[in-house]
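Novice: Residues per chain, in single letters:
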Amino acid sequence: MTTLEFKDVSKKYRVRGSGELLALDKVSFTLTSGQTIALVGQSGSGKSTIAKILTQLERVSSGDVLLDGTPIPTWGRPLRRYRQTVRMVFQDPFASLNPAHTIRHHIERPLRLDKVVPADQVEEEVFRLLTRVRLSPEQTIDRRPHELSGGQRQRVAIARALASRPALLIADEPVSMLDVSIRLEVLNLLAELQREANLGVLYITHDLATARHFSDEIMVLHHGKVVESGKADDVILRPQHAYTQALRNASPDPEKHFAAPTTTPGAIS
Amino acid sequence: MTSDDLLTVSQFSVSYDVTPPVQAVRDVSLAVRRGEILGLAGESGCGKTTLAYAIQRLLKPPAVITSGSAVFHDESGEDFDINTMDEAQMRAFRWEKASMVFQGAMNALNPIITIGAQLQDVFSTHRPAMKRAERRLESGRLLDLVGVGSNRLRSYPHELSGGMRQRVMIAMALALKPQLMIMDEPTTALDVLVQREIIEQISELRAEFGFSVIFITHDLPLLLEISDRIAVMREGRIVEIDTARTLYENPTHDYTRRLLASFPSLTGERGGFVRRPDDPARAAEAGSIR
Numbered sequence: 426m427t428t429l430e431f432k433d434v435s436k437k438y439r440v441r442g443s444g445e446l447l448a449l450d451k452v453s454f455t456l457t458s459g460q461t462i463a464l465v466g467q468s469g470s471g472k473s474t475i476a477k478i479l480t481q482l483e484r485v486s487s488g489d490v491l492l493d494g495t496p497i498p499t500w501g502r503p504l505r506r507y508r509q510t511v512r513m514v515f516q517d518p519f520a521s522l523n524p525a526h527t528i529r530h531h532i533e534r535p536l537r538l539d540k541v542v543p544a545d546q547v548e549e550e551v552f553r554l555l556t557r558v559r560l561s562p563e564q565t566i567d568r569r570p571h572e573l574s575g576g577q578r579q580r581v582a583i584a585r586a587l588a589s590r591p592a593l594l595i596a597d598e599p600v601s602m603l604d605v606s607i608r609l610e611v612l613n614l615l616a617e618l619q620r621e622a623n624l625g626v627l628y629i630t631h632d633l634a635t636a637r638h639f640s641d642e643i644m645v646l647h648h649g650k651v652v653e654s655g656k657a658d659d660v661i662l663r664p665q666h667a668y669t670q671a672l673r674n675a676s677p678d679p680e681k682h683f684a685a686p687t688t689t690p691g692a693i694s
Numbered sequence: 038m039t040s041d042d043l044l045t046v047s048q049f050s051v052s053y054d055v056t057p058p059v060q061a062v063r064d065v066s067l068a069v070r071r072g073e074i075l076g077l078a079g080e081s082g083c084g085k086t087t088l089a090y091a092i093q094r095l096l097k098p099p100a101v102i103t104s105g106s107a108v109f110h111d112e113s114g115e116d117f118d119i120n121t122m123d124e125a126q127m128r129a130f131r132w133e134k135a136s137m138v139f140q141g142a143m144n145a146l147n148p149i150i151t152i153g154a155q156l157q158d159v160f161s162t163h164r165p166a167m168k169r170a171e172r173r174l175e176s177g178r179l180l181d182l183v184g185v186g187s188n189r190l191r192s193y194p195h196e197l198s199g200g201m202r203q204r205v206m207i208a209m210a211l212a213l214k215p216q217l218m219i220m221d222e223p224t225t226a227l228d229v230l231v232q233r234e235i236i237e238q239i240s241e242l243r244a245e246f247g248f249s250v251i252f253i254t255h256d257l258p259l260l261l262e263i264s265d266r267i268a269v270m271r272e273g274r275i276v277e278i279d280t281a282r283t284l285y286e287n288p289t290h291d292y293t294r295r296l297l298a299s300f301p302s303l304t305g306e307r308g309g310f311v312r313r314p315d316d317p318a319r320a321a322e323a324g325s326i327r
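Residue numbers (my numbering), protein chains in the order written: chain A, 426 to 694; chain B, 38 to 327.
Accuracy of the hints is not assured; some may be wrong.
What the hints assert, rightly or not - Partner residues are not named here, just some residues of chain A that face chain B (Cβ under 10 angstroms, in silico):
| hint | residue |
| --- | --- |
| 1 | V605 |
| 2 | D632 |
| 3 | R673 |
| 4 | P679 |
| 5 | E680 |
| 6 | K681 |
No lab work stands behind these hints, which were simulated from the structure alone.
All residues carry an ideal CB built from backbone N, CA and C; glycine is no exception.
From just these sequences and the hints, can you work out the full model?
Specialist: Structure below.
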């Protein structure tokens, strides 16, 4: 059981000319193994800043980030060990894989660096991971990223993230760059892996519909503040905060739209 | 063909003449009615953007229109065949009769020229008789119309947010009161609140001016809410075209059903399978894990 805790975390960015930008304002939440939390909000709300702090690509300005009660390391070997525990899947599967390297290389690297399995079992483990994300190892292992589709690439990114057997996974808009017909496949795969490995998942998205169906809880971020959080269905079906209501009403909802007796195209239904 | 139709596309095909040739648009026939919003849905590579560009004859080699015709029925009663117009006629036709809002407003505006000057360009090209003061007045009026405000005439694109830049593009597309506006993913890069504002704006402007819109996107839930009719495209063909409601309630083509199933419902139960793929009934309904 792993618990990651954000405690009153604030993050300021220095902006040239206009002083400081408060990207996160006293954000607190807890993510534990086996739990999926969706983080929703508009662009600029601070979603990605949270991901960057969790992976220590950014430092906090104030507040604490605790892993099982102890502050997360900020440098050196302890940081590397921490990053084995908390892994990330990025939005853009075109940019997050190195075009010069084969799929084998991408998945081998964390296995070797983190010594997840003995050296003579690395090949076997790469096969296992690729099979696990429903890629054919024989057909993909010696290819380079450009030879794969967007969905296949994102599966490679997921396999790579799982290679070092993390306890928590940060998925920052993992499907928004994929074609619509394969988005659910990838999300379903993530959900399945999450259950199987009892992962804690932070699903960062602007898509309220998938947030609702994919997560146990939803946190709504607005101007760096958590304005509402709770059970996924409660937040979407019975939003309390005006901002959550605005977000929900702005999201397309054909089911509700066509349920209304008369509909005007473009009108908020 | 009736007088209600603004644009008639028949048996239209476009190929990219590379080796091997790629048939991007295959034998597409459709009519855009006067004053309607026609949604064009499909995934990347299905040919929807190629079709939109072809209608404006904006394609460059190696793209070739291999067959078919696209005829624009002007409100004056005159017909324009897009395949047979010469370059000068085509230049006059574009923007005057049919304008376009491109995907990614940030790239479509010139970063080193004020938006006022870019708007006034439209008038100096298409309305050479217009006086400078009139041009400025008209540009300001357009910015007011789309909610950017005429006080932003002297702003540069980088001084505006993404949503505002997209509105400037819409203002520009409206400048000559065209009868057809083609919008290619106009709101995809924007977040939902801004998207909703812009969609409502388009809807209001259409009610006011009565132009037709071809709205291209892969976002089917959005299309269902804003379109009168929707054409679903796949591998260059239109697999289904119907009113938004019929398409939503009684889709006849498998691909349409699959696309619809790709979007879990926001407030309804539909799409709950994401959290419960272990429930075989729901997983089968989704057909999503293969």
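Novice: Minimum Cβ distance from A:K681 to chain B below 10 angstroms?
Specialist: Since the shortest Cβ distance to chain B is 6 angstroms, the answer is holds.
Novice: Is the shortest C-beta separation between A:E680 and chain B less than 10 angstroms?
Specialist: Status holds, d = 4 angstroms.
Novice: Tell me if the interface restraint on A:R673 is satisfied: Cβ within less than 10 angstroms of some Cβ in chain B.
Specialist: 7 angstroms, holds
Novice: May I ask you to test the interface hint for A:V605 with respect to chain B, counting a Cβ-Cβ separation under 10 angstroms as satisfied?
Specialist: 5 angstroms, holds
Novice: Hint validation: A:P679 versus chain B, beta carbon distance must be below 10 angstroms. Holds or violated?
Specialist: 4 angstroms, holds
Novice: Using Cβ atoms only, decide whether A:D632 comes closer than 10 angstroms to chain B, and label the hint accordingly.
Specialist: At about 9 angstroms, which falls below the 10 angstroms cut-off, the nearest Cβ of chain B leaves the hint on A:D632 intact, so it holds.
Every hint, counting from the list given before, is met by this structure.
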